[in-house]
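A.B. asks: Here's the letter readout for the chains.
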Amino acid sequence: MSVPLGTLPRWVNFGLLPLLNVAVAFAISGLVVLFIGENPIEAVKYLVAGALGDGEGIAFTLYYATNFIFTGLAVAVAFHGGLFNIGGEGQVYLGGLGVAFAALALDRYMPWYITAVLATAAAFAFGAAWAFIPAWLQAKRGSHIVITTIMFNFIAAALMVYLLVNVIKQPGNMSPQTRLFEEGGQLPKLGWLMQVFGLDIGAAPFNVSFLIALVAAFAVWLLIWRTRFGFEIRTMGTNATAAVYAGIPYVKTVVVTMLISGGLSGMMALNPVMGDAGKLQIDFPAGAGFVGIAVALMGRSHPVGIVIASILFGVLYQGGAALAFDMPNISREVIILIQGLVILFAGALEHMFRPALIVLFAPKPKSVAASAAGAA
Amino acid sequence: MDFADLIQILAATVRLSVPLIFTALAGLYAERSGIFDIGLEGKMLFSAFSAASVATVTGSAWLGLFAGILTGVLLSLLHGFASITQRGNQIISGVAINFIASGLTILLGNAWFGQGGRTPQLPNTARFTEITLPFAADIAPIPFIGPLYSGLISGQNILVYLAFLAVPFTWWVLYRTRFGLRVRAVGENPGAVDTAGISVAWLRYRALICCGILAGFAGTYLSIAQSAGFIREMSAGKGYIALAALVFAKWKPLNVLLTCLLFGFLDAASIRLQGIIIPGFGEVPVQLIQALPYILTVILLAGFIGKAIPPKAGGVPYVKER
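In the order they appear, the protein sequences are chains A and B.
Mapping the first sequence onto our numbering, position 282 (from 1) lands on 282, and the numbers just tick up by one.
Mapping the second sequence onto our numbering, position 123 (from 1) lands on 123, and the numbers just tick up by one.
What the hints contain is simulated information worked out from the structure, not anything from laboratory work.
Be careful, since some hints might not be right.
[Stated by the list, open to error] Distance windows between CB atoms, simulated:
| no. | chain 1 | residue 1 | chain 2 | residue 2 | range |
| --- | --- | --- | --- | --- | --- |
| 1 | A | 111 | B | 5 | 40 to 46 Å |
| 2 | A | 188 | B | 304 | 44 to 50 Å |
| 3 | B | 295 | A | 171 | 26 to 32 Å |
| 4 | B | 62 | A | 304 | 25 to 31 Å |
| 5 | B | 191 | A | 304 | 39 to 45 Å |
| 6 | B | 62 | A | 42 | 38 to 44 Å |
| 7 | B | 191 | A | 329 | 50 to 56 Å |
| 8 | A | 283 | B | 272 | 21 to 27 Å |
| 9 | B | 227 | A | 175 | 23 to 29 Å |
| 10 | B | 124 | A | 188 | 31 to 37 Å |
| 11 | A | 121 | B | 112 | 45 to 51 Å |
| 12 | A | 166 | B | 312 | 43 to 49 Å |
| 13 | A | 249 | B | 227 | 28 to 34 Å |
| 14 | A | 108 | B | 272 | 41 to 47 Å |
Ideal Cβ positions, reconstructed from N, Cα and C, are used throughout, including at glycine.
Starting from the given sequences, assemble the full structure and let the hints guide the process.
C.D. replies: What follows is the structure, encoded as structure tokens:
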């Protein structure tokens, strides 16, 4: 198979190509909806109305988006270092433990903003700690990080069920969960922010951790493109051998990259645990760690792209519930299908349309002539 | 715990390890040819759904099996298209297949059968039911051998026996046929295979088809042999345990059998050990036993017990020329 040579203009490479990939994913989802005998355009209408129709819907959308920003950033940081952190789910779970410890210890004595700072630090530390062993094994002993992080997801689930059932369960309560955090352990809702736009937050758990997520996105941009360490991460991700040859310490870079990635995953726990439920429950990550993979791929591992992709997935998650209500024939799990197709087309098949686009858009006559002249 | 209990645990071990054996062998073909396959879970799940759906509609377990296999092969071909033809990231493609299977099975199941993603309860005629081997009742009273034969070896469904036959068969294919030699070679050094004039892409596609067939057996076993219908998310992480078993078995067929039996035994024992107190240790947390396969695999991967060396060219798309 011969691939046409040539470089695409930036707007095609970072704009049109990802858009095309995502569009195909949505088109196929539409065909599936058509296949089960429903009208896909009608479905999109319900979905968008449910997610963006009123203040409460928008606030729910942003609440979900907050989760995905954190996990998307986590996956993206690892991607930049050429690592695939598939263990976001477990890291989120452990991060929740950190949040719960901080909130349970401080909620009766401190205002929320002090608890929040310590809970953020604890969430980061617990998530990072859970990523440490896979990272160290990858760096030192060459164990494949994909396999080890998958294993750690399952180990985390078992560990957390054990802890919640046997150790930190509230005495006298049947269900395995901690006690409800007091006011000092809950993040305030962002009703005022919604009011600025004349919207009513309703019962949506949209809270301060959204702002923390945006700060984290900016911090990741700074780290990856404006620091020396970020340069080292990207160098290692592009070519590990060259990075080592250039004097970049392999073990340290792998481990620290994964610690940051795991820490970002862990921070996601702030949103559901401190911002919504006000307690630690079983299975609270609910797959958000995996959505991070789709979000990072769709956002091309750039914080701006990740925020946009997260909001889109927030729309899907919130709108999906409304859709299942209005069109009972389409179950809520249609969003998991869309997620899978986005991962497939924006990830595994990302270069499928490249040859065609190169034929269409690459400024080839000049560059081919120039390179031929250079070779001669 | 007496002998009858032991037989029961062993029988449960066999039943629980069958899907692991099929799936781990499926992964073995893919990974020995140099294609990582995280998508085993999704293939198993989707095959289970197809098998149950077709068995529901046609009333035939064999047509269900055929549908399960077909589904496994089609998903494998999708994986192949992404990772061989388009040279995409194999891990990402596998993750995508898992999500597509998870979402599409519930979506289609809900739309077709209207039971929230389940398929209707199957009658025994549309399932693979237990086969009683000859003389099982006659031998049963004989101590030791009797229960072993009638309780463990006899009274399993046909897919169980096929799973145990698939292991030596895979060994034979891999180590005694030309195709097997080439599969092993293409997983280690695709360049050499290509130089010998053999198509790397076609060889890997064929290995993936083998993978899909076995994953189809695994899914079929779940939905129409072990249970009587499809339940949403019924693979419940078994694909990942099989992946762990494959790593733990160091990508060798006979080791796969032993590892899957071990992991199946842990699963069977974890249900039994609930609340049992071991002297000097206290109560064993069930969760610890459930997590043991994963913990053991991580320890193995870390190189503390033996060394797990994956096929050398695994995960790298083959580029013929540049």
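A.B. asks: Could you run down the list of hints and mark each one as holding or not?
C.D. replies: Here's how the hints hold up against the structure:
no.	hint	verdict
1	A:111 with B:5: 40 to 46 Å	violated (58 Å)
2	A:188 with B:304: 44 to 50 Å	holds (48 Å)
3	B:295 with A:171: 26 to 32 Å	holds (30 Å)
4	B:62 with A:304: 25 to 31 Å	violated (54 Å)
5	B:191 with A:304: 39 to 45 Å	holds (40 Å)
6	B:62 with A:42: 38 to 44 Å	holds (40 Å)
7	B:191 with A:329: 50 to 56 Å	holds (51 Å)
8	A:283 with B:272: 21 to 27 Å	holds (25 Å)
9	B:227 with A:175: 23 to 29 Å	holds (28 Å)
10	B:124 with A:188: 31 to 37 Å	violated (58 Å)
11	A:121 with B:112: 45 to 51 Å	holds (50 Å)
12	A:166 with B:312: 43 to 49 Å	holds (44 Å)
13	A:249 with B:227: 28 to 34 Å	violated (52 Å)
14	A:108 with B:272: 41 to 47 Å	holds (43 Å)
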